[in-house]
Amino acid sequence: MDKTVLLAHFLGVNWNKYRQLLSVFSSLDEAWEANPASFRHTGWKPKAIEEFFNWKKTLDEEQLQSVLDQNDIWTIPVDDPAYPEILKQVYDPALCLFGRGNLPPGPAVAVVGSRKCTTYGRLIAEQLVSELAGAGVVIVSGLAFGIDSIAHTTTLTAKGKTIAVLGGGIDDGTLHPHAHTHLAHEIISSGGAVISEYPPHTQPNTFTFPLRNRIIAGLSSVTLVVEAGEHSGALITASYALDNNRDVFAVPHPITSFTGKGANLLLKSGAHIALSADDILIALGLPTTCTSTNRELKLSKQEKQLLEIIKQEPRTIDEIVRVSGLQSSQVGSILSYMEVSGLVLNKGGTLWPAH
Numbered sequence: 001m002d003k004t005v006l007l008a009h010f011l012g013v014n015w016n017k018y019r020q021l022l023s024v025f026s027s028l029d030e031a032w033e034a035n036p037a038s039f040r041h042t043g044w045k046p047k048a049i050e051e052f053f054n055w056k057k058t059l060d061e062e063q064l065q066s067v068l069d070q071n072d073i074w075t076i077p078v079d080d081p082a083y084p085e086i087l088k089q090v091y092d093p094a095l096c097l098f099g100r101g102n103l104p105p106g107p108a109v110a111v112v113g114s115r116k117c118t119t120y121g122r123l124i125a126e127q128l129v130s131e132l133a134g135a136g137v138v139i140v141s142g143l144a145f146g147i148d149s150i151a152h153t154t155t156l157t158a159k160g161k162t163i164a165v166l167g168g169g170i171d172d173g174t175l176h177p178h179a180h181t182h183l184a185h186e187i188i189s190s191g192g193a194v195i196s197e198y199p200p201h202t203q204p205n206t207f208t209f210p211l212r213n214r215i216i217a218g219l220s221s222v223t224l225v226v227e228a229g230e231h232s233g234a235l236i237t238a239s240y241a242l243d244n245n246r247d248v249f250a251v252p253h254p255i256t257s258f259t260g261k262g263a264n265l266l267l268k269s270g271a272h273i274a275l276s277a278d279d280i281l282i283a284l285g286l287p288t289t290c291t292s293t294n295r296e297l298k299l300s301k302q303e304k305q306l307l308e309i310i311k312q313e314p315r316t317i318d319e320i321v322r323v324s325g326l327q328s329s330q331v332g333s334i335l336s337y338m339e340v341s342g343l344v345l346n347k348g349g350t351l352w353p354a355h
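FYI, the numbering for the sequence shown is 1 to 355, going by the UniProt record's numbering.
The hints are simulated quantities; they were obtained by calculation from the structure and are not laboratory data. Here the structure is a predicted model, which means the values were calculated and not measured. Incorrect hints may have been included.
Calculated lysine-lysine pairs in the DSSO-like style (CA-CA distance at most 27 Å, straight line) [said to hold, decoys possible]:
| no. | residue 1 | residue 2 |
| --- | --- | --- |
| 1 | Lys-116 | Lys-3 |
| 2 | Lys-17 | Lys-47 |
| 3 | Lys-3 | Lys-57 |
| 4 | Lys-56 | Lys-3 |
Using the sequences and the hints given, assemble the complete structure.
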């Protein structure tokens with residue numbers, strides 16, 4: 001088994017420790033045959049050295065390979081030509097990728113957001129992802145509940161390709177959240193991939209989840225934050241993207257929105273505003289395909305109902321609620337989505353058709 005892959009099975013080793021090894025040894029093969037005394041020159045702490053050599057004594061390469069084979073898991077070490085070049089460019093890439101399925105080629109966009117998303121967040125995610133995936137963009141996310149899973153399922157519906165990056169093992173027994181095992185299988189069977197920097201049977205924890213966000217951002221030319229609270233993990237992904245000079249887009253939210261505060265803060269700090277998929281396609285250098293007419297064709301029954309009401313006569317939200325017979329909260333979410341999509345304009349509290 002490749003020594004980088006073996007090293008990735010030792011969870012005490014990260015990218016920095018890997019670089020420290022290569023600063024002393026000419027190759028990992030040489031490091032593998034070295035004694036503990038030689039490791040003292042690497043900068044590894046004595047405890048880490050002791051843990052590594054104790055782990056190495058009990059290592060069963062055949063057993064590790066058997067686990068990979070049983071779960072149809074491939075490995076791509078960082079020094080392999082097949083390793084994604086875009087991920088290799090970041091400061092701390094994954095030492096090794098463990099994956100199932102196929103890494104799809106093409107420009108990629110990370111789509112992240114709240115696990116407890118609102119109706120507005122869901123509608124926006126579905127609209128933007130559907131158009132991006134339809135334009136051939138690979139969608140990268142984390143398989144979590146909320147915006148992540150919406151990004152994956154919407155991509156599959158649009159017959160696109162998607163990559164799920166996990167914070168633990170990708171074998172069915174460990175895959176988290178377990179409720180999304182079927183979704184993971186759909187991603188794989190549809191030409192996408194489920195990947196992680198962690199070997200099989202590694203349980204995710206509060207440390208590994210934030211770390212995996214750097215891989216989500218690292219695989220993507222653009223990171224899109226659909227909906228995020230002030231302390232959302234999606235902001236960690238955005239931070240990794242910015243640290244590696246990648247474009248960050250955010251969807252605007254009402255200033256009273258608790259779940260959109262993080263996205264609004266990103267916009268205040270200079271992130272690009274995402275009003276349509278076109279904004280992101282332009283940043284990727286791809287042809288724009290989204291028009292207001294196309295968006296209207298994709299509206300739900302209730303969305304079309306509200307648009308027709310507004311086209312008949314510009315109205316306030318209260319008037320639209322009264323005429324439509326829908327709940328005010330539902331009308332508010334739908335109108336916010338339609339406004340961001342460029343279908344309606346809000347002029348002093350009165351909604352007008354955009355065209």
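| request: Of all the hints given earlier, name the ones this structure violates by number, lowest first. | output: 1
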